[in-house]
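There are 6 protein chains.
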Amino acid sequence: MMVKVSRKAHFNAAHRLYRKDWSYEKNDEIFGKCNNPNFHGHNYELIVSVTGEIDQETGYVIDMKVLKDIIKDEVEDAFDHKNLNVEVPEFSTLNPTAENIAVVIYNKIKPKLEASLVLEITLYETPRNFVTYTGN
Amino acid sequence: MMVKVSRKAHFNAAHRLYRKDWSYEKNDEIFGKCNNPNFHGHNYELIVSVTGEIDQETGYVIDMKVLKDIIKDEVEDAFDHKNLNVEVPEFSTLNPTAENIAVVIYNKIKPKLEASLVLEITLYETPRNFVTYTGN
Amino acid sequence: MMVKVSRKAHFNAAHRLYRKDWSYEKNDEIFGKCNNPNFHGHNYELIVSVTGEIDQETGYVIDMKVLKDIIKDEVEDAFDHKNLNVEVPEFSTLNPTAENIAVVIYNKIKPKLEASLVLEITLYETPRNFVTYTGN
Amino acid sequence: MMVKVSRKAHFNAAHRLYRKDWSYEKNDEIFGKCNNPNFHGHNYELIVSVTGEIDQETGYVIDMKVLKDIIKDEVEDAFDHKNLNVEVPEFSTLNPTAENIAVVIYNKIKPKLEASLVLEITLYETPRNFVTYTGN
Amino acid sequence: MMVKVSRKAHFNAAHRLYRKDWSYEKNDEIFGKCNNPNFHGHNYELIVSVTGEIDQETGYVIDMKVLKDIIKDEVEDAFDHKNLNVEVPEFSTLNPTAENIAVVIYNKIKPKLEASLVLEITLYETPRNFVTYTGN
Amino acid sequence: MMVKVSRKAHFNAAHRLYRKDWSYEKNDEIFGKCNNPNFHGHNYELIVSVTGEIDQETGYVIDMKVLKDIIKDEVEDAFDHKNLNVEVPEFSTLNPTAENIAVVIYNKIKPKLEASLVLEITLYETPRNFVTYTGN
Numbered sequence: 001m002m003v004k005v006s007r008k009a010h011f012n013a014a015h016r017l018y019r020k021d022w023s024y025e026k027n028d029e030i031f032g033k034c035n036n037p038n039f040h041g042h043n044y045e046l047i048v049s050v051t052g053e054i055d056q057e058t059g060y061v062i063d064m065k066v067l068k069d070i071i072k073d074e075v076e077d078a079f080d081h082k083n084l085n086v087e088v089p090e091f092s093t094l095n096p097t098a099e100n101i102a103v104v105i106y107n108k109i110k111p112k113l114e115a116s117l118v119l120e121i122t123l124y125e126t127p128r129n130f131v132t133y134t135g136n
Numbered sequence: 001m002m003v004k005v006s007r008k009a010h011f012n013a014a015h016r017l018y019r020k021d022w023s024y025e026k027n028d029e030i031f032g033k034c035n036n037p038n039f040h041g042h043n044y045e046l047i048v049s050v051t052g053e054i055d056q057e058t059g060y061v062i063d064m065k066v067l068k069d070i071i072k073d074e075v076e077d078a079f080d081h082k083n084l085n086v087e088v089p090e091f092s093t094l095n096p097t098a099e100n101i102a103v104v105i106y107n108k109i110k111p112k113l114e115a116s117l118v119l120e121i122t123l124y125e126t127p128r129n130f131v132t133y134t135g136n
Numbered sequence: 001m002m003v004k005v006s007r008k009a010h011f012n013a014a015h016r017l018y019r020k021d022w023s024y025e026k027n028d029e030i031f032g033k034c035n036n037p038n039f040h041g042h043n044y045e046l047i048v049s050v051t052g053e054i055d056q057e058t059g060y061v062i063d064m065k066v067l068k069d070i071i072k073d074e075v076e077d078a079f080d081h082k083n084l085n086v087e088v089p090e091f092s093t094l095n096p097t098a099e100n101i102a103v104v105i106y107n108k109i110k111p112k113l114e115a116s117l118v119l120e121i122t123l124y125e126t127p128r129n130f131v132t133y134t135g136n
Numbered sequence: 001m002m003v004k005v006s007r008k009a010h011f012n013a014a015h016r017l018y019r020k021d022w023s024y025e026k027n028d029e030i031f032g033k034c035n036n037p038n039f040h041g042h043n044y045e046l047i048v049s050v051t052g053e054i055d056q057e058t059g060y061v062i063d064m065k066v067l068k069d070i071i072k073d074e075v076e077d078a079f080d081h082k083n084l085n086v087e088v089p090e091f092s093t094l095n096p097t098a099e100n101i102a103v104v105i106y107n108k109i110k111p112k113l114e115a116s117l118v119l120e121i122t123l124y125e126t127p128r129n130f131v132t133y134t135g136n
Numbered sequence: 001m002m003v004k005v006s007r008k009a010h011f012n013a014a015h016r017l018y019r020k021d022w023s024y025e026k027n028d029e030i031f032g033k034c035n036n037p038n039f040h041g042h043n044y045e046l047i048v049s050v051t052g053e054i055d056q057e058t059g060y061v062i063d064m065k066v067l068k069d070i071i072k073d074e075v076e077d078a079f080d081h082k083n084l085n086v087e088v089p090e091f092s093t094l095n096p097t098a099e100n101i102a103v104v105i106y107n108k109i110k111p112k113l114e115a116s117l118v119l120e121i122t123l124y125e126t127p128r129n130f131v132t133y134t135g136n
Numbered sequence: 001m002m003v004k005v006s007r008k009a010h011f012n013a014a015h016r017l018y019r020k021d022w023s024y025e026k027n028d029e030i031f032g033k034c035n036n037p038n039f040h041g042h043n044y045e046l047i048v049s050v051t052g053e054i055d056q057e058t059g060y061v062i063d064m065k066v067l068k069d070i071i072k073d074e075v076e077d078a079f080d081h082k083n084l085n086v087e088v089p090e091f092s093t094l095n096p097t098a099e100n101i102a103v104v105i106y107n108k109i110k111p112k113l114e115a116s117l118v119l120e121i122t123l124y125e126t127p128r129n130f131v132t133y134t135g136n
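Going line by line, the protein sequences match chains A, B, C, D, E and F. Sequential numbering of the first sequence, starting at 1, is according to my numbering. Sequential numbering of the second sequence, starting at 1, is according to my numbering. Sequential numbering of the third sequence, starting at 1, is according to my numbering. Sequential numbering of the fourth sequence, starting at 1, is according to my numbering. Sequential numbering of the fifth sequence, starting at 1, is according to my numbering. Sequential numbering of the sixth sequence, starting at 1, is according to my numbering.
Some clues are possibly wrong.
Just so you know, same-sequence chains aren't split out, so a pair can sit in one copy or run between any two.
DSS-like mimics (lysine-lysine), calculated; alpha carbons at most 27 Å apart, straight line [what the hints assert, rightly or not]:
#1 Lys110 x Lys20
#2 Lys72 x Lys8
#3 Lys26 x Lys65
#4 Lys26 x Lys4
Hint data in this document are derived by calculation from the structure and do not stem from the laboratory.
Throw the hints in and build the complete structure from the sequences for me.
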């Protein structure tokens, strides 16, 4: 019996959408007010979903406390109250769009899980905009 | 890297569930109070999800501003503060159930997207009732 | 010890904002698309709050089941799946704005409560627009 | 045209996570404070999703009133305001983790639906922890 | 400048509504299924609001980290994953209705705050039922 | 008949909590990670509430479209996608705590309303932290 278990978490961060190799004008044309050089920010809401067999001993797919700790170590401690562009190494050259942040979170959490578990990352940049990445 | 990006929107509308080719009694039996000839209404909440490759230039699957404008043109301007049965041509003979509204929205938005993008429509008729259509 | 106890409920209805004694043009100018003669509609979310002393016997200000039944009788059965302008007598000449609906609900529920209880009505017309009436 | 229709419901219950065949110490190690022998409890939020063809006559995949009644009979009446470990036979020997509760709900609702319909159960144990089961 | 600052928290607990000095029949008549002797439970959502002057040095009414710690010490550590009737001394003879729980929380937090600060407790027993207590 | 009408809005912004006249160490001690010199950010949710008499002509306390436009001009256009410390003049020397932001918003909106209307500002810095200011 395969079950998907999901855990919500959140972090607050500043970011700016732009490419260093583009002119300010081109960045402005593509990213609009998200290209503000003084940064803006979001309360990111994160859903980490793990799919696997129910362990017949415990009735768990994964112990939520374990999953909560992985999220804290890999995401909250690394991103919360940070400037993503300036302080988070993964975004030193990668544009911190919601899509790219979700991929980075996936790549940080996946190696911490047993290989048989399937991972899905949903990231809300605002209550109206969100993205989902499943590693494909 | 395939990512699903989602955008929430909403519109308010009146509707009535019934078939013109059925008697009032049969409509009443099947649709109950949703068959009120004077109409009732809903705040429809809409989630439009688009799945595609992340553009390596921009970090976007699709520019959310572009998606927001498509939703405004195809759904909000067409349905908001309208009587679906009386004023929206798609429902002149099609019963405006949540299922059928989701299919109509899918069919309006799909041609506005690049052909490679996969579309999913989720429509909340009330906070407790919602439907999802993926074009299959 | 005075405590305010609150109960959420909801109903779906169609309505139109207009005054019969105004021209269509004047109604249109004041009420815009809310004046659509074919009606539009909402999922109204209602919070009924009752403030009073905690009964030392039961630990209740009011039995929530009693309050739930009053809301059902006075509001849900009267307004749900209805056209407010056409089918609800209170709005035969009263414009069904959120403000006026809240006052009507207050006036319907107040006489059903013990006189010592203080009543407050909060009505969400949409998730973004809501009103509160306390009988003053 | 396949559409997934979803209905939200909820129930409140007490439970305790533990295995009768384990020592208290082992239960405590694995289940932590969820192993409290005096029980704790949750407001479980449930989403029952049914996927099938839109009936061309009615525009429905399934009549929501029918689905609502199935949920009431099979889940709400059986679980609401109950102690899952003590009063719900399915958990007399099965640990009532969110995973196992979702599987039990699936197995109770599936036989009540037409065989062609696909069922998915999502169960929120808290607003931050939830599970999804699709019968596989 | 007086500002009200609010912090949300939550805890899960089991409880039973009844009076030891009443017969089972009388408890059943008054408290219905909430009188289940095997207990049921809730995810309680708590809003603690503190009103006071903005400190001109810091721009804070109260440091949210301080308020968060008070809530953790006085409420979460005391109530979370507990059986309120059996394990929380305040309810050994006091019926744990939402009203009474809010009063108990108020009385636990008030002495931890500076005397000039005004306290308000809002407690959601379910998403549809909640109470507010301000110490009057 | 006095009614309070409320409108929700939102804006995203970066900020940093600190005082220029304090040492980094003192700022760090008081503001912790909110003092990150590279900034962090939030999705601020705003509720603007206006209390007044219902206009007997229109049934409105205030036309929501008018209120929506005031919020757009005074708050969204001024704060959205901005760095509050760097780009918003009101915070050039004022620490942008939630309390101070609420006061600034109040002071910007109040003069745009008729003098008889009572204004209340509620600002969510995160879903768990929010403040309310009523001009007193």
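Under a CA distance limit of 27 Å, which applies to Lys26 and Lys4: within one copy, between copies, both, or neither? between (42 Å within a copy, 26 Å between copies)
Regarding Lys110 and Lys20, is the shortest C-alpha distance of 27 Å or less found within a copy, between copies, in both, or in neither? The answer is neither: 29 Å in one copy and 34 Å across copies each exceed 27 Å.
Up to 27 Å CA-CA - Lys8 versus Lys72, copy category: Answer is both; intra-copy 11 Å and inter-copy 20 Å each pass.
One pair to classify: Lys26 and Lys65, alpha carbons no more than 27 Å apart. Within, between, both, or neither? Between copies only: 16 Å across chains, 45 Å inside a chain, cut-off 27 Å.
The structure does not agree with numbered hint 1 stated previously, though it agrees with all others.
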